Each structure stands twice: as structure tokens, then as C-alpha cells.
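Q: Here are the chains, one letter per residue:
2 protein chains.
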Amino acid sequence: MATEIPVVRNILEANDRIADQLRKLFAAHKVFVPNLISSPGAGKTTLLERTLTDLKGELRMAVIEGDVTTDNDARRVAATGAKAVQIETDGGCHLNGSMILEALASLDLSELDILFIENVGNLVCPVEFDLGEDCKVGLLSVTEGDDKPEKYPQLFTVGKAMVLNKVDLLPYVDFDVERATRGARALNPGLEVFSVSCRNGDGLGAWYDWLRAAVAAKKA
Amino acid sequence: MATEIPVVRNILEANDRIADQLRKLFAAHKVFVPNLISSPGAGKTTLLERTLTDLKGELRMAVIEGDVTTDNDARRVAATGAKAVQIETDGGCHLNGSMILEALASLDLSELDILFIENVGNLVCPVEFDLGEDCKVGLLSVTEGDDKPEKYPQLFTVGKAMVLNKVDLLPYVDFDVERATRGARALNPGLEVFSVSCRNGDGLGAWYDWLRAAVAAKKA
Numbered sequence: 006m007a008t009e010i011p012v013v014r015n016i017l018e019a020n021d022r023i024a025d026q027l028r029k030l031f032a033a034h035k036v037f038v039p040n041l042i043s044s045p046g047a048g049k050t051t052l053l054e055r056t057l058t059d060l061k062g063e064l065r066m067a068v069i070e071g072d073v074t075t076d077n078d079a080r081r082v083a084a085t086g087a088k089a090v091q092i093e094t095d096g097g098c099h100l101n102g103s104m105i106l107e108a109l110a111s112l113d114l115s116e117l118d119i120l121f122i123e124n125v126g127n128l129v130c131p132v133e134f135d136l137g138e139d140c141k142v143g144l145l146s147v148t149e150g151d152d153k154p155e156k157y158p159q160l161f162t163v164g165k166a167m168v169l170n171k172v173d174l175l176p177y178v179d180f181d182v183e184r185a186t187r188g189a190r191a192l193n194p195g196l197e198v199f200s201v202s203c204r205n206g207d208g209l210g211a212w213y214d215w216l217r218a219a220v221a222a223k224k225a
Numbered sequence: 006m007a008t009e010i011p012v013v014r015n016i017l018e019a020n021d022r023i024a025d026q027l028r029k030l031f032a033a034h035k036v037f038v039p040n041l042i043s044s045p046g047a048g049k050t051t052l053l054e055r056t057l058t059d060l061k062g063e064l065r066m067a068v069i070e071g072d073v074t075t076d077n078d079a080r081r082v083a084a085t086g087a088k089a090v091q092i093e094t095d096g097g098c099h100l101n102g103s104m105i106l107e108a109l110a111s112l113d114l115s116e117l118d119i120l121f122i123e124n125v126g127n128l129v130c131p132v133e134f135d136l137g138e139d140c141k142v143g144l145l146s147v148t149e150g151d152d153k154p155e156k157y158p159q160l161f162t163v164g165k166a167m168v169l170n171k172v173d174l175l176p177y178v179d180f181d182v183e184r185a186t187r188g189a190r191a192l193n194p195g196l197e198v199f200s201v202s203c204r205n206g207d208g209l210g211a212w213y214d215w216l217r218a219a220v221a222a223k224k225a
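If you read the sequences in order, they're chains A and B.
Take any residue in the first sequence, note its place counting from 1, add 5, and you have its number in this note's numbering.
Take any residue in the second sequence, note its place counting from 1, add 5, and you have its number in this note's numbering.
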């Protein structure tokens with residue numbers, strides 16, 4: 006399999022060129038674009054449902070939803086009143102720049118403050134693919150174990166923020182928030198960490214403040 | 006990216022040839038080889054720790070551990086007294102046949118009844134790569150959501166068994182065991198489903214019986 010590495014490099018280079026185009030588009034319209042990445046079931050869609058509902062009227066938001074199959078997540082997002090565009094990767098393990106470019110045909114960037122990208126549930130592959138986003142945001146639910154930043158370091162090394170979700174379950178699992186935070190910040194000292202429960206709303210205020218500041222910085 | 010599909014096909018074909026070799030080796034030694042696949046943190050290593058401890062003395066077992074990085078899991082497995090061989094994929098999102106072949110140099114198949122393969126935590130990519138295993142076993146923890154078989158269908162379509170783990174957390178999450186089972190069996194009517202808690206041991210007896218039967222069938 007001697008050809009594997011060069012080919013993968015070509016795919017990534019082609020993707021990087023499209024990502025540069027996307028980055029210029031997002032900059033021209035001053036839209037803040039976070040790329041949400043996590044394992045399946047960590048709570049990306051639930052975090053979006055809360056955020057879209059709680060900041061409705063204050064910020065103009067839309068979502069590009071990536072899934073292997075089904076439009077379940079886009080329908081959940083659309084139920085909040087926000088615009089959602091579904092990308093089905095048909096088995097693919099990550100979103101790439103071409104998919105985002107295609108999805109933009111269904112969105113008017115001039116009407117947005119934030120465009121959330123919800124990647125396919127996968128802690129590994131999506132990290133490799135630049136989507137022209139402002140930053141990657143890693144989600145980790147406390148039921149997954151506090152060793153995960155150390156075991157899956159790529160996302161937490163390049164991400165700008167880590168959202169520790171499902172803290173309402175902390176009494177029932179062996180998860181040390183300090184250990185997870187320490188593990189992630191050992192990789193990335195500047196990482197923002199938000200401990201939240203999308204179920205009961207705990208900790209979401211700090212996440213919302215961070216989004217507000219990012220939008221303001223993008224418009225400045 | 007017109008070249009992507011043929012190249013991926015070549016990689017998979019090369020892998021399939023190695024997998025055929027592996028399958029012959031496992032058959033010659035009558036070793037039962039389950040390939041455990043799940044999201045990060047669903048409980049693959051914990052299931053192995055319980056299984057290796059509870060069936061010690063009855064079955065001869067070893068583990069090939071796949072991880073993006075760290076040998077944490079191999080050390081956890083080795084603490085039970087079982088032989089563990091760690092494969093670090095160095096960023097790679099799945100195990101492939103060559104890695105297994107290399108790991109076999111550190112194992113004596115003639116001394117084993119079961120060789121567990123614990124794949125990299127990833128619900129998508131590992132499914133594509135045949136490792137010469139007898140079957141794929143999907144793990145899903147109840148904190149990930151009962152929609153996951155429907156949203157990530159590949160594993161549950163080709164898997165022989167699904168282990169629903171962390172059922173001790175059912176009182177605290179919205180997870181309908183019936184919905185998850187129905188979703189998975191819609192893809193794969195013959196799928197075995199085990200509801201277990203690796204934390205308190207609930208339901209593990211049926212899983213152990215299934216392993217015993219698989220070992221007996223392999224030796225027959």
C-alpha cells in the first residue's frame with residue numbers, strides 16, 4: 006500500500022484549496038463558522054437545539070448538518086425555526102470542503118451571524134478536513150471517559166474549545182472533569198473548556214457568551 | 006477527486022487478500038475472533054476487562070488492542086492477566102489486516118480459544134476493513150441515544166451481535182431499548198442483542214454464553 010500516503014495527501018491538498026475559497030466567502034460576509042466535532046451521541050445536535058432556541062432573535066443562525074445517513078438531525082434543528090441544510094455522506098466518515106460549498110447554494114450568508122457545521126459523529130477523521138471554518142469545537146460527553154483527550158488527541162490539539170456535555174450524569178459515572186481538562190490543555194494550553202448539561206441548561210451561559218464574543222470579533 | 010474511489014477500492018482489495026490469509030490462520034487454529042467496534046467510550050475495554058476476568062480459567066483468551074495513540078487499553082487488559090498486544094495507528098481511524106498480521110507475531114494462536122480484536126473507537130471506518138475475524142460485534146452505550154443504529158447503519162447491518170452497554174444509566178437518560186433494538190434489527194433481523202452493564206455486571210451471563218457457544222462451534 007505504498008501509494009496510500011501520496012493519494013491521501015492529494016485529496017487533502019484539493020480539499021485545502023476549496024477550504025481557502027470557503028474561508029474567503031465566510032470572511033466577506035463576516036459569518037462566524039464553528040465546526041462541531043465529536044463521537045456519535047455526545048450531544049452536538051442537542052447543543053445546537055438549545056443554542057438556536059436560546060439565542061433566537063439575538064443572533065441570526067443556520068446549520069449545515071453532516072450525517073452518514075438520515076435527515077433526523079436537520080429536522081430536529083429545523084424544528085427550532087433555524088434554517089438547516091442536510092448533507093448525507095452516504096457512508097462517508099467526515100465532511101469535506103466540496104460538500105460545504107454545495108450546501109452553501111441553499112444558504113444566504115448575508116443573512117447570517119453564525120453558520121454552525123455539525124460534522125459526522127467521529128472523533129478522528131473529520132479533524133483532517135479543513136472546511137474553511139473559524140475554528141473546530143470538540144464535544145465530549147462525560148459518559149465517554151476522562152481519558153479521551155489523551156487517547157484521541159488530534160481534535161483537542163487543534164480545536165479552539167471543548168464542550169464537556171452531560172455533566173448532569175457526573176454523579177453516576179467515573180469521570181474526573183479536572184483530569185479531562187488537564188489532558189486536553191496539556192495538548193493545547195489555550196483551549197476554552199465549557200462544562201454544560203444540554204439537558205438541564207447548566208453552564209450554557211458561558212458558551213453563549215463565547216459565541217457572542219466570537220461573532221463580535223468577526224464583525225469588527 | 007475523481008481518483009478517490011478507485012484508490013480506496015485498491016486499498017480495500019489489498020486488505021481483503023490479507024484478511025483471507027488471517028481467516029485461514031484463525032481457522033487452522035480454531036480460534037474464535039470477534040472484532041469489537043464502537044464509538045470512543047462505549048465500553049469496549051471495560052467489557053473486555055469483565056470478560057477476561059470472569060472467564061479466566063475457563064477459556065484461553067488474548068486481545069489485540071487498536072488505538073490512535075497510547076497503550077492505556079493494553080495495560081488495562083494486561084492487568085487482568087490476559088495477553089494483550091497494542092497497535093498504535095498513529096492517527097489512523099481503523100485497524101487493517103496488515104496491522105493484525107504484524108500483531109500475530111507476538112501471539113501463539115495454538116494457545117488460544119478466543120482472540121478479541123478491539124478496534125479504534127469509531128462507529129464508521131473500521132466497518133469497511135475485514136480483519137479475517139469471525140464476526141463484528143457492535144457496542145452501543147445507552148448514553149449515545151437510541152437513534153444510533155439508524156444513523157450509523159453500516160456496523161449494525163453487518164455485525165453479528167450488538168452489546169447495549171451502560172444499562173445502569175437508563176434511569177437518567179432518554180434511551181428506549183426497544184427502539185434501538187428495533188432500529189438495529191430492521192437492518193439485520195438475525196442480530197443478537199445483549200443489554201449489559203459492565204459496571205454492575207447485569208446481563209453479562211448471556212454474553213458469556215454466546216461466547217462459549219461460538220468457541221464450541223469453532224472447535225466443532
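By construction, these hints were calculated from the structure, which means they are not laboratory data.
Computed from a predicted model, the values in this text were never measured in an experiment.
It is possible that some hints are incorrect.
Stated by the list, open to error - Only pairs whose alpha carbons sit at most 20 Å apart, straight line, appear in this in silico EDC-like list of lysine to aspartate or glutamate:
#1 Lys156(A) <-> Asp139(A)
#2 Lys156(A) <-> Asp95(B)
#3 Lys29(B) <-> Glu116(B)
#4 Lys223(B) <-> Glu63(B)
#5 Lys223(A) <-> Glu116(A)
#6 Lys35(B) <-> Glu133(B)
#7 Lys156(B) <-> Asp179(A)
#8 Lys156(B) <-> Asp76(A)
#9 Lys223(B) <-> Asp113(B)
#10 Lys88(B) <-> Asp76(B)
#11 Lys88(A) <-> Glu116(A)
#12 Lys156(A) <-> Asp113(B)
#13 Lys223(B) <-> Glu93(B)
#14 Lys223(B) <-> Asp76(B)
#15 Lys156(B) <-> Glu93(A)
#16 Lys156(B) <-> Asp95(A)
#17 Lys224(A) <-> Asp139(A)
#18 Lys29(B) <-> Asp95(B)
#19 Lys156(A) <-> Glu116(B)
#20 Lys61(A) <-> Glu116(A)
#21 Lys156(B) <-> Glu133(B)
#22 Lys156(A) <-> Asp25(B)
#23 Lys156(A) <-> Glu183(A)
#24 Lys224(A) <-> Asp214(A)
Said to hold, decoys possible - Computed far set for chain A versus chain B, every beta-carbon distance over 12 Å:
#25 Arg55
#26 Asp59
#27 Thr74
#28 Ala83
#29 Pro131
#30 Lys153
#31 Val178
Don't be surprised by glycine CBs; every beta carbon is placed ideally from N, CA and C.
Q: Now, for every hint given, state plainly whether the structure supports it.
A: Hint check:
1. Lys156(A) <-> Asp139(A): Roughly 25 Å separates the two Cα atoms, so the pair is violated.
2. Lys156(A) <-> Asp95(B): Distance of about 11 Å is within 20 Å: holds.
3. Lys29(B) <-> Glu116(B): Holds, because 16 Å separates the two Cα atoms, which is no more than 20 Å.
4. Lys223(B) <-> Glu63(B): Given that 20 Å is the threshold and the Cα spacing comes to 16 Å, the pair holds.
5. Lys223(A) <-> Glu116(A): It holds: about 15 Å lies between the C-alpha atoms, which stays within 20 Å.
6. Lys35(B) <-> Glu133(B): Status violated; Cα separation ~24 Å.
7. Lys156(B) <-> Asp179(A): 28 Å, violated
8. Lys156(B) <-> Asp76(A): Judged against 20 Å, a Cα distance of about 9 Å means the pair holds.
9. Lys223(B) <-> Asp113(B): Holds: Lys223(B) and Asp113(B) sit about 17 Å apart, inside 20 Å.
10. Lys88(B) <-> Asp76(B): 13 Å, holds
11. Lys88(A) <-> Glu116(A): 11 Å, holds
12. Lys156(A) <-> Asp113(B): Roughly 28 Å between the alpha carbons, so the hint for Lys156(A) and Asp113(B) is violated.
13. Lys223(B) <-> Glu93(B): 29 Å, violated
14. Lys223(B) <-> Asp76(B): Measuring from Cα to Cα gives roughly 30 Å; hence the hint is violated.
15. Lys156(B) <-> Glu93(A): 10 Å, holds
16. Lys156(B) <-> Asp95(A): Distance ~11 Å between Lys156(B) and Asp95(A) Cα, so the pair holds.
17. Lys224(A) <-> Asp139(A): 13 Å, holds
18. Lys29(B) <-> Asp95(B): Roughly 28 Å separates the two Cα atoms, so the pair is violated.
19. Lys156(A) <-> Glu116(B): At roughly 31 Å apart (the allowed maximum being 20 Å), Glu116(B) and Lys156(A) break the hint.
20. Lys61(A) <-> Glu116(A): Distance ~14 Å between Lys61(A) and Glu116(A) Cα, so the pair holds.
21. Lys156(B) <-> Glu133(B): 16 Å, holds
22. Lys156(A) <-> Asp25(B): Violated, at about 30 Å.
23. Lys156(A) <-> Glu183(A): 16 Å, holds
24. Lys224(A) <-> Asp214(A): 15 Å, holds
25. Arg55: Its Cβ never comes within 12 Å of chain B, the nearest being 15 Å, so this holds.
26. Asp59: 20 Å, holds
27. Thr74: 6 Å, violated
28. Ala83: 16 Å, holds
29. Pro131: Label violated. Min Cβ-Cβ 10 Å, cutoff 12 Å.
30. Lys153: 6 Å, violated
31. Val178: 7 Å, violated
Hints 1, 6, 7, 12, 13, 14, 18, 19, 22, 27, 29, 30 and 31, counting from the list given before, are not met by this structure.
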